[in-house]
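Q: Assemble the whole structure, with the sequences as input and the hints as a guide.
What follows is the residue order along each chain.
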Amino acid sequence: MNAIRPFDIEAIRADFPILGEKIRGKDLVFLDSGASAQKPRVVMEAMLHAMQHQYANVHRGLHWMSERTTEAYEAARDAAARLMNAADRREIVITHSSTEAFNLVAHSFGRGVLKPGQAVVISQMEHHANLVPWQMLRDAHGIELRVAPITDAGELDMAGLEALLTDGKVGLVSITHMSNVLGTYTQAERIVQLAHAYGAKVMLDGSQAIVHRRVDVQALDVDFYAWTGHKLYGPTGIGILYAKRELLEAMPPFMGGGDMISSVSFERSRWAEVPHKFEAGTPAILEGIGLRAAIEYVEAIGFDAIGAHEASLTEHALSRLSAIEGLTVIGRAQDRGGVISFTLAGAHAHDVATLLDRQGIAVRAGHHCAEPLMRRLGLDSTARATFGLYTTHAEIDALADTLDRIRGFFA
Amino acid sequence: MFEDLRDLYQDVILDRGRTPRHGQRLAVFDADAKGDNPMCGDRVHVFARHTDGRIAELGFAARGCAVSIASADLLAEAVIGLTDAEALAMGEAFGAMAKQGGSDDPSLAALQPLSGVAAYPSRIKCATLPWAALRAALTKAPGMEEGVASSE
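Chains H and L are the protein sequences, given in the same order.
Quick note on my numbering: the first sequence kicks off at 61 and runs consecutively.
Quick note on my numbering: the second sequence kicks off at 195 and runs consecutively.
Source of the hints: derived by calculation from the structure; they are not laboratory data.
Heads up, some of the hints might be wrong.
Using 25 Å as the maximum straight-line C-alpha spacing, the simulated SDA-like pairs for lysine to any residue come out as follows [unchecked claim]: (1) L:K228 / H:R435; (2) H:K82 / L:S316; (3) H:K86 / L:F196; (4) H:K86 / H:R101; (5) L:K228 / H:E431; (6) H:K86 / L:Q204; (7) L:K228 / H:M434; (8) H:K86 / L:Y314; (9) L:K293 / H:R84.
Here the structure is a predicted model, which means the values were calculated and not measured.
A: Structural data, given as structure tokens:
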């Protein structure tokens, strides 16, 4: 790991070549990192280096290239374990996305460990990735799906959650660690304590949170924690599932194929040890190598510095945006981060996004893969600005100034 | 600062998007269907009333962006007096215009302000959604419930 470096925003921006791009002659203002973040040069170089100098399939070759590539790829597992403070690298399952991680748990834990008649609890502010797999489990396996309410402020209603747990039927609580729409951090430690008190395991959707805060799965005592590489400045096509080892041991495999077996005959197959039991087929080798570089990049900057920068950005953005007439920030959680959804009176989110885009400002508009949350909020769509470690205060000023003019355009 | 957006947001689009003339459901209608672009949240419900085999009246209820509302409003005026077959053909021609950015078809003259969407690939579906809903309304058998139309 590199030494911790001082937080120098200009130096950080120089690490991300794409930030120098012009959009129709205007500087790119990229405020859509919550959908997918840009990549630092070290990630590109790591992947390019592998392709140019050190690449073969992993876990099977007896030759130099395969052995070296296996080491480079498996280093991603160590980096992910260190990032999350997992006790054991075997608790890190490398998937192709966080969506795959949810499907893996819904299949292997949902069908293999939970019994029909038990229940899974999600919340009203989940991404579709933490909703649809549970609906499929419900329909295929007789597992009840319960939905914990959120408050009007956009926080998880802890009393409402507890009310869903009291009958003791809940086997798993699966809730976001940070809302991709409202920016709300949920009280992960309290959720875990509460669920465990009623005998339920806990899965956290960490795709947003892992980018912004230090996550310690041992301190949280969480059972499953899933996140995706491409929001953490890494490549697409790779995700991480942390799961406690005894759970992985108890769970049957998800997908079958090569790499996940120890021996195969036409009569039967024996599964590989965890975590490989859950990693069928050739993995995302180059993406793993890129993800390790991304993790090391973020660790070198450090979450204290990243957190301080992003808290300052969020405070600045909330102050600038809420001063715009007709603009409503959606959600007002006490503990929130740099994911800000808003509506502008008289202008639909898509029109807002198109006008912002004309000034080089990239935001997302729509339901953000959280349609039930939108209905809960009584909205069809919002515009959403999300920040990364390379976001600047000047970019937030550009957003606010342009939104003020957009208001005039549609008035 | 948005002058270069006038190709998309012409005055008629802004005006119709803000205050559509036909943005209400009809009290009496004989055909209707919903259109929904779930990815962006645009929704429209189109109502038509026929007399003597021609569309006599058209109204809609919609929630969506300026482009989708304006498109529904201009659609309502464009199809009055047409047979269903003529309206469906106009919808086809409109869809082609929205993709290509223009048309010399004189029957589309009133719809030309929407041709600017061609330069904004992610917005073409906003303009074509009301037409998808109209097609669903005119082609479904009476009394039959059908799926919600989409232009995504």
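Q: Need the status of pair H:K82, L:S316: alpha-carbon distance at most 25 Å?
A: holds (20 Å)
Q: Next pair to validate is H:K86 with L:F196; report whether the Cα-Cα distance is within 25 Å.
A: holds (13 Å)
Q: Holds or violated: are the alpha carbons of H:K86 and H:R101 at most 25 Å from each other?
A: Cα-Cα ~22 Å, so holds.
Q: Starting from H:K86, check that the Cα of L:Q204 is at most 25 Å away, please.
A: Answer holds: H:K86 to L:Q204 is near 23 Å, not above 25 Å.
Q: Below or equal to 25 Å on CA atoms is what counts here, so check L:K293 against H:R84.
A: Within the cut-off at roughly 21 Å; holds.
Q: Mind checking the alpha carbons of L:K228 and H:M434 for me, to see if they're no more than 25 Å apart?
A: Distance of about 19 Å is within 25 Å: holds.
Q: Are H:K86 and L:Y314 close enough, with their CA atoms no more than 25 Å apart?
A: holds (17 Å)
Q: Is the Cα-Cα distance between L:K228 and H:R435 25 Å or less?
A: holds (18 Å)
Q: Has the given pair, L:K228 with H:E431, been kept, meaning a C-alpha gap of at most 25 Å?
A: Holds: L:K228 and H:E431 sit about 18 Å apart, inside 25 Å.
Taken one by one, the earlier hints all hold for this structure without exception.
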